[in-house]
Amino acid sequence: MQDQYKINIRDMSFFIEKKQIIYDLNLDIRTNEILSIFGPAGSGITTLLRALNRLNELIPGARIEGDILLDGKSVYRKEVVLTELRRKIGMVFDVPTPLPMSIFDNIAYGARLKGEKNKKVLSDIVERALKEAALWDEVKNRLKTSALALSGGQQQRLCIARVLALEPEVILLDRPCSGLDPISTAKIEDSLTQLKERFTIILAPHNLQQAGRVSDYVAFMLMGELIETGKNDDIFANPKDQRTSDYITGRFG
Amino acid sequence: MRVKPKTTELIAKILIWSAAIFVLAVLSFIIIYILYRGLPMISWSFLTEIPRNMGRDGGIASPIVGTIMVTAVAIALAVPLGIGTAFYLAEYTKESGITRVIRFSAESLAGIPSIVYGLFGFIFFVIYLNLGWSVLAGGLTLAVMILPTVIRTSEEAIRAVPQSYREVSFSLGGTKWQTIIKAVFPSAIQGISNGIILGVGRCVAETAAIMLTAGGALRMATSLFSPTRTMAVHFYILAREGISMSNAYGTAALLIILIFIINVVSNALVNRFMAKNR
Amino acid sequence: MSKFRENISKYIFLALAFSSISALALITIFIIINGIPIIAEVGVLNFIFGMSWAPSHGEFGIFPMIIGSVTVTLGAALLGVPIGICCAVFLTEFAPQTISRIFRPAIQLLAGIPSVVYGFWGLLFIVPMIRNWFGGPGLSILAGSIILAIMVLPTVISITEVSILALPRNYKEGALALGLTHWQTIYSVILPSAKSGIVAAVILGIGRAIGETMAVIMVLGNAVAIPESILDPVRTLTTNIGIEMGYAAGTHRQALFATGIVLFIIIMILNATAQYVTRKKK
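Chains as they are written, first to last, in my numbering: chain R, 36 to 288; chain C, 231 to 508; chain V, -15 to 266.
For reference, chain R alone in the conformation it holds in the complex:
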């Protein structure tokens, strides 16, 4: 069967002022699969994720070369409307970041930005998103309370629900479980494996075990370069590059 590619990254280099963060990166990302991009801290993984939804543009002096295609079309085209692009490519950050408002308002935030005012529609969106993120049962009786009062794990699932409410096509997760306990992490990983049926998921795992547990494909990055990519089992079982095997076996540094 022919592979379906959702995203193609072509000869992508990324700079902040004069400093190069990513070197000449090529990567094809398949539809309805979970891709984990792993590597030591400072490898440029966060930058890569943020190049996809163009959030890097908030950084002064940021500059990109090469191209990134979504469904075969460049996300850096002139006519791309940033807000629409970011709704298509949702993002979950490493630290749970509920906005200081109620649970309901957090989930409805994106829809309201789009101009949705109908109460019924909004509450349907909120309910569906919270159910998909496996948070509904825990919060359904306190939707009007502050999202800041939730536990860390609940907050992160809230953030995932908030992205799901956008009905995106791609979900970027930047070390979403780095501050969470194992039980919360397991819950999030469970929902990710269910969500991949409908979304393309790109995950920066916070450790190798997570990459091994949830991903179909993995990619290894080191100091801004993509070293190797392939099926999960292949890379972990017999990496082709010495650096990959060094990193996997913990012989690095």
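Just so you know, the hints here were simulated from the structure itself, not pulled from any lab data.
As the structure is a prediction and not an experimental result, all values here were calculated from the model.
Each hint should be verified, as a subset may be incorrect.
Ranges of calculated distance between the beta carbons of each label pair, as one might list FRET restraints [unchecked claim]:
| id | chain 1 | residue 1 | chain 2 | residue 2 | range |
| --- | --- | --- | --- | --- | --- |
| 1 | R | Lys155 | V | Arg153 | 49 to 59 Å |
| 2 | V | Arg88 | R | Glu232 | 52 to 62 Å |
| 3 | V | Phe109 | C | Lys234 | 39 to 49 Å |
| 4 | V | Arg85 | C | Pro310 | 27 to 37 Å |
| 5 | R | Lys266 | C | Pro310 | 52 to 62 Å |
| 6 | C | Tyr322 | R | Thr284 | 47 to 57 Å |
| 7 | V | Arg85 | R | Met258 | 50 to 60 Å |
| 8 | V | Phe109 | C | Asp287 | 23 to 33 Å |
Glycine residues also receive a C-beta, built at the ideal position from the N, C-alpha and C atoms.
Fit chains C and V to the supplied structure of chain R, relying on the hints for placement.
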């Protein structure tokens, strides 16, 4: 003979403690004395009656209304201008020539003495714009005076909003404007309102600038164009002309209570703000 | 549509941000155009160094007022700055938490009390005290300096405190680890490191003192004469405006605006210096 470090230490400690105690003592003395002489004067009729006989008799109802009106005008103008400036400085621009000029202007405005504001308000609002001695002229003058306070506190509050809130809002498809209105502003509102309250405090306490711009009428102000006097001006005239010491004490006591309340509210806001951001 | 709204909002904010620039420009222009004619008429030097102020006779010399402002402010700085710095050191280094929890709001209250109330209190207590202890009319430079010293305390204390608190913790710990006593640490490490902040505090305090009107108007005596001692009454630039603005007209009013120009220039120099000092620190 060399003084032993222990001895110096002791002397320094005594000096520093006595400076602190001295300041507290002076402050308490001023406040307690004014309250002691003024509180007995404050009664329902004092608050609700219009001054009669140049202020010798009657209450201070019209200066109270004058204070409220002038302050309201000042806040109504300074708040949108100040918050807008703060958002521009914090959200819309990198440090550049233009921000330096804006900052320099705001800091300079903060340092200008109130009597110079009075001169300016008199010649610009009262004479040039032909508003006459009025609530409006006084309020506009105070608006310029408190503008830097509103700018500074608002900018600090906006900068204290975590960057992640902005990133989340953008990543959910928010435009810059939506992000500012829906994610940043609600989180900064407490700090901003603290700035507004400090501005109110300055308006209530101001005398020189109002005296030259709002006139000194004892009548109840009926419109923005009526001349009026504020409580601080009323107090000054009563005390300086020796019209009625007891009414002067009463007015001063009321002013101090007002300032005290304003400070308590402001501190409560700041504390809640800090607790939330921890 | 949304792009359009984005740009509009940006320009609205920019326009609002110009409010402080235009306010400063308007103040500068209107004070200057109303004061310059009389300065041009009597001459800059005659205006600034003239000894006689008699507006009804066309004599406009503000030198006594300049001396008045300078002496009263100097006195306030001499009294207020050491006490203010001591209080800031007290707050950051010595005060038990219970006391600092009272002290900080107290200082805030001190800053908020209307200046007329200070003047009134000075008239009731400081002036008679000076009259009884030192003789003279009591309405004097000394009385004004004492009142202003109290009034600049909040400025001096808060800015000094902030600059001490901004010091890295290891400065203090390093000094203590070297075996310095607490006071030696404060004296030889903390205060020198916080110097630029303290200097800014002093300059801004002086700016506040020299610009204050209502507090000193009641206690200075307001005589237009060069003082011979600190027990003599004086008039400052600010009180000159405050007293006479109510009834001045024509050239007299222009002369008061000209007084405002001089005051304005002094303040702008002080502000610019303070801004320069704080910026250099960063």
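Here is what the structure says about each hint:
| no. | hint | verdict |
| --- | --- | --- |
| 1 | R:Lys155 / V:Arg153: 49 to 59 Å | 56 Å, holds |
| 2 | V:Arg88 / R:Glu232: 52 to 62 Å | 58 Å, holds |
| 3 | V:Phe109 / C:Lys234: 39 to 49 Å | 40 Å, holds |
| 4 | V:Arg85 / C:Pro310: 27 to 37 Å | 35 Å, holds |
| 5 | R:Lys266 / C:Pro310: 52 to 62 Å | 59 Å, holds |
| 6 | C:Tyr322 / R:Thr284: 47 to 57 Å | 50 Å, holds |
| 7 | V:Arg85 / R:Met258: 50 to 60 Å | 51 Å, holds |
| 8 | V:Phe109 / C:Asp287: 23 to 33 Å | 27 Å, holds |
Consistency with the previously given hints is maintained throughout, with no hint failing.
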